[in-house]
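Enquirer: Full structure from sequences and hints, please.
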Amino acid sequence: MPDAPDLELIRGEIERDHPGTVLATSYDRQQAALLVDPARILDVLRWLKEQPGHRYDFLSSLHAADYLPAEPRFGVHYELINRDRVERLRVKAMLEAPRPAGPAAAGDPPPPAGQEGVPPTTSPAGEALPEIDSCVELFPTADAQEREAFDFFGIVFRGHPNLTRILMPDDYVGWPQRRDFPIGGEPVTFTYNERRYG
Amino acid sequence: MADATVSTEQIEVGEDRGKEVMTVNVGPHHPATHGVLRLVVDLEGEIVRELRPVIGYVHTGIEKSCEDKSYWKVIPFVERMDYVSYFFQMEAFCGAVERLIDLEIPPRAKYLRTLFLELNRIHSHLVWLGTTALDLGAISMLWYCFRERDKILDLFEMATGQRMHTRYFQVGGVIEDIPLGFEERCRAFAEEMPVRVGQYQDLLDRNEVFLSRTKGTGIVSRERLLELGVTGPLLRAAGEPWDLRKAFDYLAYPEVDFKIPVGTVGDNYDRYRVRVAEMVESARIVAQCLDALPEGPFIADDRKYVLPPRSELSTSMESLIHHFKLVTEGYRVDPGEVYYSIEGPRGELGCFVVADGSAKPARVHYRDPSFVNLQAFREMAVGGYVADMIASLGMLDPILGGVDR
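One line per chain: the protein sequences are G and V, in this order. With the first letter of the first sequence counted as 1, position 36 gets the number 36 in the working numbering; the numbers rise by one all the way through. With the first letter of the second sequence counted as 1, position 150 gets the number 150 in the working numbering; the numbers rise by one all the way through.
No lab work stands behind these hints: they were computed from the structure. From the three backbone atoms N, C-alpha and C, an ideal C-beta is built for every residue, glycine too. Some hints could be false.
Incomplete in silico selection of chain G near chain V, CB under 10 angstroms [unchecked claim]:
id: 1; residue: LEU59
id: 2; residue: SER61
id: 3; residue: ALA64
id: 4; residue: ALA65
id: 5; residue: HIS77
id: 6; residue: LYS92
id: 7; residue: LEU95
id: 8; residue: PHE139
id: 9; residue: ALA142
id: 10; residue: GLN145
id: 11; residue: ASP151
id: 12; residue: MET168
id: 13; residue: ILE183
Expert: In structure tokens form, the structure reads like this:
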């Protein structure tokens with residue numbers, strides 16, 4: 001782990017090359033994290049991956065979280081490893097939940113999910129979704145993990161080659177791991193119940 | 001008359017069937033997919049031209065369910081994700097929570113956890129070796145491997161009361177000390193295991209069928225594996241000595257002596273050799289943990305997070321109150337987030353926990369090594385024979401409970 005002063009040094013170096021990308025740093029429970037402007041996430045990830053002397057070139061995990069009462073609401077976390085220095089660094093981007101789509105957007109037929117080159121920016125129900133650039137080009141390992149984040153949180157990764165549901169059924173509606181999605185309540189049909197209760 | 005059921009006509013085949021690309025569905029229920037994994041495979045003759053794994057058949061929403069459980073109730077849930085390496089799942093979660101609440105676990109607990117993790121690693125590799133060798137036609141390996149696996153399960157049962165899904169690790173340590181007689185049996189096992197591994201190698205290492213099925217198949221370069229985020233024995237078989245037990249400081253690993261086996265070419269044979277060598281190293285760690293097992297408490301003495309000893313409940317009012325509060329409400333964790341990863345039998349097993357100040361985690365996410373490693377499967381299999389695809393899948397060792405969670 002880079003310690004707190006190291007983290008500030010890294011932040012300073014990134015800021016020198018890409019001003020305004022790092023919004024904050026946090027050093028909490030011995031874990032270092034950079035809070036990054038979601039619009040410039042690829043600049044930061046590319047810098048961390050390719051900058052000589054840093055080379056955080058192994059993305060060990062990409063995951064999302066929903067901090068519901070908080071605003072911005074969604075967090076995408078990139079757990080990077082520098083294997084030379086054996087250090088971990090978390091890059092975190094917070095995404096606003098977009099306002100409900102206007103009447104113009106609702107009138108248009110929504111683009112079908114998962115078509116090549118046309119990532120869905122709205123769900124089939126016409127709901128606007130938070131967006132961030134995909135890092136599959138930089139880290140091919142993010143492919144399945146970005147699909148998982150899309151599947152469970154409805155976060156759209158722009159430029160992902162095949163952004164479809166991965167664990168939930170393809171025709172599923174809703175984003176199950178959002179905090180406002182209820183636990184349970186999936187109807188399970190058993191023929192016994194149908195016969196008995198109709 | 002005897003030929004009445006056999007047609008003597010030659011079937012006329014218009015085009016060359018060898019050039020036709022045929023899409024075949026493998027699974028989801030098939031013994032060779034090691035779980036509920038579906039593969040959509042494009043075949044040209046016997047050559048795999050394209051392959052898409054379809055997962056999600058055993059998705060049970062464990063991560064979501066964990067958000068509705070107080071911290072100590074999450075432990076038995078996460079054990080059921082990767083159902084072959086349950087001690088690792090527990091350790092990832094307990095370690096993450098311990099880092100969130102900044103709770104140091106006593107040395108004896110560290111050694112006991114290391115001991116059980118390594119027994120679990122041997123167990124997991126034995127399941128892998130038995131089933132994979134079975135896929136390759138060596139049925140006796142299954143019986144031999146499961147014979148040793150049963151001894152490990154007996155040890156688990158002796159110490160924890162359960163053979164699988166033991167709920168043995170707790171936040172702060174382990175739930176019970178090892179019983180009398182455990183050390184002796186465990187030591188006997190740790191001495192026996194390297195001998196058994198030698199016997200497995202005698203069966204397989206010069207087995208012509210096994211060699212020709214595994215050597216030179218399923219090769220993916222080290223650089224590509226790193227790009228794909230592959231960790232664990234698959235990466236080490238390609239020559240990259242990356243092991244979180246050595247890289248990061250957790251539990252008793254800095255204090256025990258063990259080696260990291262690596263391969264050279266990264267074919268299926270190297271993957272087999274690396275895992276088999278890991279079993280011997282794990283047996284060495286088990287023996288060292290028993291030798292160096294420190295005296296003292298097996299769980300931290302922090303009544304805000306850890307249940308008081310059972311004997312105190314009938315004499316101490318405070319203990320009774322703590323016990324009641326911990327069991328009914330659980331403990332609150334200050335807001336924060338922690339990603340804690342350990343070296344599981346299949347690679348980096350990470351647990352990401354977000355606390356929001358309540359007694360339930362706001363988010364529990366597992367970075368499952370099988371899930372990430374499965375992305376390398378396409379490149380292992382494309383261009384090879386169908387039979388090699390099955391061999392590669394076995395050597396990849398995915399546990400679908402962990403993939404789908």
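Enquirer: Against each hint, give a clear statement of whether it holds in the structure.
Expert: Consistency of the hints with the structure:
1. LEU59: holds (6 angstroms)
2. SER61: Holds. Min distance 4 angstroms.
3. ALA64: With a closest approach of 8 angstroms, the ALA64(G) hint holds.
4. ALA65: holds (4 angstroms)
5. HIS77: Interface hint status for HIS77(G): holds (7 angstroms vs cutoff 10 angstroms).
6. LYS92: holds (9 angstroms)
7. LEU95: Constraint on LEU95(G) not satisfied, violated at 15 angstroms.
8. PHE139: holds (7 angstroms)
9. ALA142: holds (8 angstroms)
10. GLN145: holds (7 angstroms)
11. ASP151: holds (9 angstroms)
12. MET168: At 6 angstroms from the nearest chain V Cβ, MET168(G) passes the 10 angstroms test, so the hint holds.
13. ILE183: holds (5 angstroms)
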